[in-house]
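Asker: Read off the chains here:
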Amino acid sequence: MNEQSTNIIEIRNLVQNFRLTKGVLDEVKLRGGKLVRDRVVVKAVNDISFDVKRGNVCSLVGESGCGKSTTARTIIKLINPKSGTITFEGQDITDYKREQMLPVRKEMQMIFQDPYASLNPRSRVVDIIAEPMVFHKIEENMTVARERSVELLQRVGIRPEQVSRYPHQFSGGQRQRIGIARALSVNPKFIIADEPVSALDVSIQAQILNLMMDLQEEFGFSYLFIAHNLSVVKHISDTVGIMYLGKIVEMGGKKDVFANPRHPYTEALLNSIPKISGDNLEKTKAIKGEIPSPINLPSGCFFHERCPYAMPICSEVFPEKRFVSDDHFAYCHLL
Amino acid sequence: MPVKQSKIQQFLHSEFFHNYRKSPTAIISSLMILSAILIALFGPLITPQDPYALAGLELADAFKPPAWIEGGDANFLLGTDQQGRDIMSAIVYGSRVSLYIGFVGVFFAAITGIVVGLVAGYVGGRLESIIMRIADIQLSFPSMLIALFLMTTFGRSVSNVLIALTLIGWVRYARIVRGETLTVKNKEYIEASRVIGFSNIRIIFKQVLPNVLTSVIVLSTIQVGSFILIEATLSFLGLGVPITRPTLGMLCSDGFAVLYSGLWWVSFFPGLYIVFIVFGINLFGDFLRDELNPRLK
Amino acid sequence: MSEREKILEVKNLKTYFYTHKGVVKAVDSVDFDLERGEILGIVGESGGGKSVTGFSVIRLIDEPGKIVDGQIIFKGTDLMQKSESYMTTVRGKEISMVFQDPMTSLNPVYTIGRQLEEVLILHENLTREERRQRCVELLNSVGIPNAEGRLNNYPHQFSGGMRQRVIIAIALASNPDLIIADEPTTALDVTIQAQILKLMKQLSQETNSALILITHDLAVISELTDRVNVMYCGKIVETGYTQEIIRRPAHPYTQGLLSSIPNIDEEKKRLSTIPGIVPNMFELPAGCKFAERCPYAKQICWDKEPEVTSLGNRHEVYCFFPLVGEDK
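Chains as they are written, first to last, in our numbering: chain A, 1 to 335; chain B, 1 to 297; chain C, 1 to 328.
Read the hints as simulated data drawn from the structure, not as lab findings.
Careful, some of the hints might be misleading.
Quick list of in silico lysine-lysine cross-link-like pairs, BS3-like style, CA-CA up to 30 Å [what the hints assert, rightly or not]:
(1) 285/A / 321/A
(2) 22/B / 137/A
(3) 298/C / 198/C
(4) 185/B / 97/A
(5) 285/A / 304/C
(6) 66/C / 22/B
(7) 254/A / 198/C
(8) 22/B / 25/C
(9) 93/C / 298/C
(10) 283/A / 201/C
(11) 11/C / 82/C
(12) 22/B / 21/C
(13) 288/A / 198/C
(14) 298/C / 14/C
Generate coordinates for the entire structure from the input sequences, incorporating the hints supplied.
Answerer: Structure (structure tokens):
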């Protein structure tokens with residue numbers, strides 16, 4: 001166990017895909033007079049590598065089909081990767097089975113997107129926080145755990161009188177706070193937040209983001225923050241990665257990526273954001289085309305069909321990793 | 001705003017209760033069910049006779065028509081059968097066994113079906129396919145046929161009837177529960193539980209199960225009625241419970257023999273009571289189904 | 001003094017929902033106008049009443065909701081005085097609607113050509129050939145490539161962005177005077193959203209249809225709309241020209257909304273927020289609904305509901321202590 005590593009998580013060549021068909025009977029088709037087996041595979045994550053430094057907030061941003069949620073769920077081992085490695089605190093947890101993962105789970109938690117589906121409707125809120133504490137033997141029994149839960153819930157803004165209620169009695173923003181408290185209940189070192197504010201109103205988003213930042217300062221854990229909204233990410237991240245069709249197309253320190261985007265897709269994302277100044281869409285050209293399906297990945301660089309700067313080589317060869325500065329890289333033939 | 005309402009207060013303020021009060025069918029049908037249960041529980045205390053204590057029967061009382069018809073006797077409101085049994089008392093006693101079989105049968109069928117459905121839905125894969133194919137195969141056979149086969153082979157007894165009903169009834173529970181489990185298992189709170197590290201067994205029974213019970217409740221009301229009818233049919237054919245534990249179906253069956261002699265009341269009233277019970281249950285089941293239908297946020 | 005013709009005048013609109021827990025005043029005494037060809041935004045958070053306002057204009061309010069009061073004067077006729085059958089001639093032809101979720105707004109068992117045609121069959125008198133032509137034109141105008149071929153496709157064969165374009169095409173089919181768009185891009189990806197917003201702006205200018213754009217996203221409002229109504233708890237708290245309101249918000253809620261938006265051009269460590277949460281709609285406070293979250297609230301704000309203060313140049317605010325004074 002390498003305690004001195006600056007990285008809390010190291011991902012190398014992670015691959016994840018899903019079969020859409022359920023069995024032999026669905027896969028067999030008649031083609032050209034012959035029976036063939038046609039597996040439909042969703043290639044969600046296509047060989048990505050990145051690190052999250054201890055104490056940092058690393059964000060992964062992208063639109064639908066980019067694989068960011070799948071990446072999150074693979075890293076936390078809700079699904080096992082098809083290939084690649086996940087190294088947590090120096091341990092290779094890629095092939096860990098349930099028993100081996102148990103102590104790791106205490107250190108690695110997740111905050112979910114949908115406040116209306118992330119809490120068990122049949123459990124009291126205080127129990128949702130207390131049960132993991134007892135399970136991981138952080139507290140001796142439910143009575144003590146409940147006391148600590150009340151404190152933790154207060155820290156996230158849920159008043160003690162409310163803790164015995166059920167999730168449906170809380171608003172979306174409050175439920176998200178409860179979800180955050182649940183993630184914190186086991187004192188993790190690393191938290192993956194999967195679009196934690198996407199389902200909330202703008203003014204509540206701000207409250208939750210501030211809370212998440214305050215908690216990070218107080219408890220010192222690292223975040224992997226998944227989002228589709230670049231503006232949200234700009235405020236809270238240290239490192240930003242842009243994903244497209246299962247690949248990280250650009251990654252670097254936040255200031256670098258925002259001020260000096262090197263990948264055409266990053267540029268397109270920045271141009272597409274409606275701005276409060278009201279003139280962004282007028283000035284910039286909206287990017288053409290639709291996001292291709294992860295079932296039929298384009299050849300060469302996945303973005304070439306929509307890229308305003310595409311060259312012939314872009315449709316043939318996937319670009320290599322090119323470094324723009326020490327920790328800012330992108331995959332583009334233009335570099 | 002009150003901080004912690006008692007469960008009863010919460011219920012009385014709930015939307016469920018509000019709609020219940022507004023719906024005449026819900027109120028009437030629940031009263032029908034309630035009265036059937038009360039009659040079964042406390043009826044024997046007030047019936048004029050115990051129709052199965054042979055000593056109390058008098059052949060002289062036989063074949064009396066219902067009290068409001070000429071020849072009737074006020075002591076025997078609904079008439080008597082060929083052995084002098086008071087039909088009303090017989091119905092009360094018979095309904096006890098019928099309801100017992102209905103509720104207990106549903107209980108066992110539900111438990112079996114729920115466990116099978118949960119496991120099939122949550123585990124998925126081959127296990128799920130195998131279980132669902134078995135269920136499909138069983139559903140292709142008419143339930144009565146299965147019941148008749150079992151009762152003929154293994155003989156008449158209350159426990160055999162219950163076994164038969166369980167073997168018939170688990171399938172519908174398994175299918176519904178499996179369907180709901182598939183929906184629930186992908187919800188984020190289940191993912192959260194897995195991320196915390198809870199074991200699958202714990203998740204299935206403590207997290208998934210409470211959230212699939214809604215459809216089970218609705219199904220159970222319908223199944224009670226259905227089981228009472230199956231049992232009644234079996235008894236009518238002479239293949240249900242032994243004659244020493246008479247049921248409403250058996251009463252119908254016994255009365256059938258004398259139906260054509262003009263003694264219509266011996267079959268009619270037990271039959272009518274079966275209709276009353278099953279109808280009440282089905283109506284209430286309809287109301288529950290509409291009520292418990294998960295409302296979108 | 002407006003020069004364009006007024007196409008819609010909403011006066012004192014009240015839409016209430018009668019639930020078993022009590023009455024929700026989703027829209028409580030709302031007034032606004034709309035001119036031909038204008039783009040008006042209605043912005044606010046969940047529960048603010050913006051969607052219900054949109055549905056009320058077109059009188060698509062179902063049980064337990066009811067429009068209890070108000071006038072909806074469309075092209076000189078008060079729609080509240082008209083029958084439901086009259087409304088069916090108006091909907092889809094003179095006023096059409098674009099809904100939020102492209103995944104569920106189209107019927108999955110009919111081709112999109114059929115769904116486009118339906119509007120034309122209902123409201124126009126064209127021959128079959130003319131209809132087909134028009135469908136192709138419409139699909140072209142919303143930027144769907146290979147329009148003729150795609151008429152025979154089913155909704156599931158289109159992506160989310162494409163479906164939304166189809167829905168816009170359906171909304172435009174009968175050359176309506178007014179389009180109500182309820183969060184039309186919220187469910188879409190950012191790059192697709194940009195495409196659709198640009199499309200809507202362009203089409204609105206080309207066809208001279210008025211557009212009511214309902215959204216919670218102030219940035220979208222800023223990019224697209226001429227004027228905006230800011231709603232909170234069923235009431236309009238501020239209204240005026242969009243750029244004016246964004247530069248000089250007069251109502252504390254508007255100001256709060258503006259400062260809590262993470263702005264990609266700014267460098268801020270902590271986002272300022274509006275403290276507290278939206279009040280319980282069943283127990284709305286007396287007086288100004290925003291008082292409990294307002295950093296500037298004084299006693300009068302708790303006691304009385306604010307009346308309108310005009311700041312000139314069509315900028316109006318409902319507040320006892322507006323943040324800006326009158327324009328010179």
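Asker: Next, verify each hint and record whether it holds.
Answerer: So, going through the hints one by one against the coordinates:
1. Using a Cα cut-off of 30 Å, the hinted pair residue 285/A and residue 321/A holds, with the two alpha carbons roughly 27 Å apart.
2. Straight-line distance between C-alpha atoms of residue 22/B and residue 137/A comes to about 50 Å, which puts the hinted pair past the 30 Å bound.
3. Taken as a hint, the residue 298/C and residue 198/C pair is broken in the structure, with Cα atoms around 43 Å apart against an allowance of 30 Å.
4. Simply put, residue 185/B and residue 97/A have alpha-carbon atoms about 20 Å apart, close enough for the 30 Å limit, and the pair holds.
5. A distance of roughly 49 Å separates the Cα atoms of residue 285/A and residue 304/C; the hinted pair therefore is violated under the 30 Å criterion.
6. Restraint check: the Cα-Cα separation between residue 66/C and residue 22/B comes to about 20 Å, which is no more than 30 Å; the hinted pair holds.
7. Only pairs whose Cα atoms come within 30 Å are accepted, and residue 254/A paired with residue 198/C is accepted, the gap being roughly 28 Å.
8. Our distance criterion of 30 Å between C-alpha atoms is met by residue 22/B and residue 25/C, whose separation comes to about 23 Å.
9. For the hint pairing residue 93/C with residue 298/C, the CA-to-CA distance comes to about 48 Å; that exceeds 30 Å, so the pair is violated.
10. Annotation: proposed proximity of residue 283/A to residue 201/C holds, straight-line Cα distance about 14 Å (limit 30 Å).
11. For the given pair, residue 11/C sits about 16 Å from residue 82/C by alpha-carbon distance, which is consistent with the 30 Å threshold.
12. Only pairs whose Cα atoms come within 30 Å are accepted, and residue 22/B paired with residue 21/C is accepted, the gap being roughly 14 Å.
13. Distance hint between residue 288/A and residue 198/C is fulfilled; the C-alpha atoms sit about 12 Å from each other, no more than 30 Å.
14. Between residue 298/C and residue 14/C the CA atoms are separated by roughly 27 Å; this keeps the pair inside 30 Å, and the hint holds.
In the structure shown, a violation is registered for the earlier hints numbered 2, 3, 5 and 9, in ascending order.
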